[in-house]
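Enquirer: Line by line, the protein sequences are chains X and B.
Using my numbering, the letters of the first sequence correspond one by one to residues 1 to 478.
Using my numbering, the letters of the second sequence correspond one by one to residues 1 to 478.
Don't take each hint at face value.
All copies of an identical chain are treated as equivalent in the list; a pair is satisfied when it fits inside any one copy or across any two copies.
As a list, the in silico DSS-like pairs of lysine-lysine whose alpha-carbon atoms are at most 27 Å apart [to be verified]:
1. K121 with K195
2. K73 with K439
3. K296 with K78
4. K78 with K221
5. K221 with K355
6. K323 with K58
7. K443 with K370
8. K99 with K335
9. K99 with K415
10. K7 with K195
11. K415 with K370
12. K99 with K73
Keep in mind that the hints were calculated from the coordinates and are not lab data.
There are 2 protein chains.
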Amino acid sequence: MSRRQIKTRAEDYSRWYQDVIAAADMAEHAPVRGCMIIKPWGYGIWERLQRELDDRFKETGHENAYFPLLVPKSLITKEEEHVEGFAPECAIVTHGGDKELEEPLYIRPTSEAIICSTYAKWINSWRDLPILINQWANVVRWEMRPRLFLRTLEFLWQEGHTAHETHDEAAEEVRRMLDVYADVAESVMAVPVIKGSKTASERFPGAIDTTCIEAMMQDGKALQAGTSHDLGQNFAKAYDIEFQGRDGEMQHAWSTSWGVSTRLIGAIIMTHGDDDGIVVPPMLAPQQAVVVPIFKGEEQAAEMCADAEAIVADLRAAGVRAKADTRDHLRPGAKFFEWEKKGVPVRVEYGARDKASGNAVIKRRDTGEKMIVPLTEVASTIAGLMTTIQAGMLAKARAWRDERTFVCDDYDDFKSRVGDGGFFHMRWCGEAACETRVKDDTKATIRCIPYEGDDDPGACTICGADATGIRPIFARAY
Amino acid sequence: MSRRQIKTRAEDYSRWYQDVIAAADMAEHAPVRGCMIIKPWGYGIWERLQRELDDRFKETGHENAYFPLLVPKSLITKEEEHVEGFAPECAIVTHGGDKELEEPLYIRPTSEAIICSTYAKWINSWRDLPILINQWANVVRWEMRPRLFLRTLEFLWQEGHTAHETHDEAAEEVRRMLDVYADVAESVMAVPVIKGSKTASERFPGAIDTTCIEAMMQDGKALQAGTSHDLGQNFAKAYDIEFQGRDGEMQHAWSTSWGVSTRLIGAIIMTHGDDDGIVVPPMLAPQQAVVVPIFKGEEQAAEMCADAEAIVADLRAAGVRAKADTRDHLRPGAKFFEWEKKGVPVRVEYGARDKASGNAVIKRRDTGEKMIVPLTEVASTIAGLMTTIQAGMLAKARAWRDERTFVCDDYDDFKSRVGDGGFFHMRWCGEAACETRVKDDTKATIRCIPYEGDDDPGACTICGADATGIRPIFARAY
């Protein structure tokens, strides 16, 4: 147990995760089992993440819209694989306005059903394509083993739904949005990810290809951080999205869908957090710097707090989100701990001695490094540190992941080591039987078949049959 | 019927409203009766409105958070008046994860129940106060007479929920947020509003005071555009929000709640729309200017479209949200009509003759005024017009409302005229019986007792008894 009432990662990783969320005041469990209350510090991170994603969606030509929460049972059951995948997880409304409903309504577990059936009305000609729409929404999936942010009964997400004239265009869209996700993961969240395709057994129900970004958490487990699906013509056929093509013939559209959720906050926590709490990447931190004035007595308090506010004004002018912690009932040490737990990138300590020498003390949350800096340079130093810290966090996470990534040609070796975590690149023959065997033997799955890497033909590490292409990643996952 | 397949307001106001929404491609009905699909043009307006509101919430010290959609029945039924008011309108989830639930879950019709019960856990001491939280969310209320944007079964809104140490502070918050709403209505939506308090019979269930902003639509009916509630200690007592005060004694907190919804888009349509479609205030327009190049044949198309894109680049550099409509399968006239229906504040026409003379034609949507402007001045002219149009729309709407606002001392006169619309300031004795009589006689209600105005004692216009204070507004309402 660390000094902050947080179990260390070494003691109990799962408990550490929960403790860190509580200590950082990010979220808590709601009265309905599996539901989550996202508190202001957690939601502030989500808001910034939303903005970064939304800006990129718009830059790539998408518009936002909003489709309803409630979907008639008859609509949701149209695409067979889709309904098999989702119906058992659905929450069902049977009563409304003091009456029993004639037809039960499903709370959307995802919106393909309602959106595709609407697109069918909007699309008549190839001139109506592409349709490039995103929505920010809540969805509900009945979760049996809920964990804050990672798996909750209700979660917040965005879901993009597009329809295209050709399969090439749809496939291009699928990869474009996967690239957007990878960019946000790496350049905003500082979470390195591997882009690839899921195997058939791990695909989104109804998709012909599910692409994903996979990150490694600090316990060596994989976390699927975002998915982008090529739905082929499956949903267009189920929901009658037909259009007159350039050749005058009626044909079915090609559709895609792609989403990321509040689960990304779990990824940030488990990538960057340490035994003192979370560490928030500067680009997402609701506060990037907190100035803690150190004072004794009321008179000194007024003076030092005014100085602290002046430093904050300098920081804001330099483009840094900053605040002064001028609370008078807490000791400086208590404030230091609180902002450490919350993962604020930089703390400024400023007391009478600092004032006398014309300096302030800057402490980095990511490395723990302390610097004594002239007051006139505090703002510019911290503004520069934001970039340094952001880049440093990504580099550190990438090095950490790469150290736990292995090329493995010995299945017994894999079996003995996968429990300790890590990504294992093994050759795979492509047969579902080998996936099942791995899962039964080790609980590990194929996280993805990466896009980047060299073709590396040889014998399947599991069964010895011929294997071609890039080696998939095998790992245990959240 | 106008040339755009929109019924005129004079022909059928209610039909006009629906036609305009369809013609502007803002929203449509969903498969579930009463639910709404908000299309990109409508959602784009909502996004800008959200941003303007959210910025002001943050400037006044509020943080965003997120509370769950699903609320256990036992929680929602704790505040008596509240549950009486809302329970009959609730959608109820009885099944989840393929099982019948032990306790039914209500989809939030509003979040006082879940938020107040959570605050009870967060608040222990006066030092924990105030709590100033807002959430952006969807809510569901079973509507029997749905109308797009105005009354839908599911709608999008924000709901602020605050808790305070004293009633004075809570009352100040209630008015502060009402002022924020009035500011956004007038300076962003260009919709003039009157601030005031509801009478007891029109209060939010459980509130001790409901304040509101009331706007007048073009049919002379009132629309409640936002409410801010003083909940006194009612919810704190029902949900046990207790804290240790500065004097060491345990006491109940004072809470408030306040909200505006996608209904505001209905207010914009019915304040500014005309028989050609909607008119969007420049501050909310997803596109503020659309440049329509006029060309014949492919060669000229390329040239004129390139010029149009150059004008758009100038406009963007001048801070105007602009796009060129370079579609080659539509005639210029069809494009003009389309953007008129959508209410884009300014259109730029640019053809070969304009090119030869070095000019472009600018047409204002609000007044229909056309201007011929040198190409070099197009961007600066339009940037300036954004302010002019915004102010002009507010002034026009205010003049329109003021012309239909009457001081009335003759109940028979009121009865004969209220059906034509308008706000009637009559003296009121304060008795609910008089409100009921007015409602039974005319379907009109007291919209609010305005904050601004002179005390004007005299005889109640309805019953003749003594009446004091500012005259309430009587009107029919949405």
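Enquirer: Does each hint hold? Answer for all of them.
Expert: Hint-by-hint comparison with the structure:
1. Proximity of K121 to K195 under the C-alpha cut-off of 27 Å is found in neither arrangement, the shortest distances being 34 Å within a copy and 42 Å between copies.
2. In the homo-oligomer, the alpha carbons of K73 and K439 never lie at most 27 Å apart, since the shortest distance is 34 Å inside one protomer and 41 Å across protomers.
3. Proximity of K296 to K78 under the C-alpha cut-off of 27 Å is found in neither arrangement, the shortest distances being 70 Å within a copy and 46 Å between copies.
4. For the identical chains of this complex, K78 and K221 are neighbours neither inside a copy (36 Å) nor across copies (43 Å), given an alpha-carbon limit of 27 Å.
5. Taking identical chains as interchangeable, the C-alpha atoms of K221 and K355 are never at most 27 Å apart, the minima being 47 Å within one chain and 63 Å between chains.
6. When the C-alpha separation of K323 and K58 is checked against a cutoff of 27 Å, the pair qualifies only between copies, where the shortest distance is 14 Å, while the shortest distance within a copy is 31 Å.
7. Neither within a single protomer nor between protomers do K443 and K370 lie at most 27 Å apart by alpha-carbon distance, with minima of 43 Å and 71 Å respectively.
8. In this assembly of identical chains, the alpha carbons of K99 and K335 never lie at most 27 Å apart, being 53 Å within a copy and 47 Å across copies at closest.
9. Taking the shortest alpha-carbon separations for K99 and K415, neither the intra-copy value of 56 Å nor the inter-copy value of 37 Å comes in at or below 27 Å.
10. In this assembly of identical chains, K7 and K195 lie within 27 Å of each other by CA distance neither inside one copy nor across copies; the values are 33 Å within and 53 Å between.
11. In this assembly of identical chains, K415 and K370 lie within 27 Å of each other by CA distance neither inside one copy nor across copies; the values are 43 Å within and 77 Å between.
12. For the homomeric pair K99 and K73, the shortest alpha-carbon distances inside one copy (17 Å) and between copies (16 Å) are both at most 27 Å.
Figure legend: structure checked against the earlier numbered hints; hints not met, in rising order: 1, 2, 3, 4, 5, 7, 8, 9, 10, 11.
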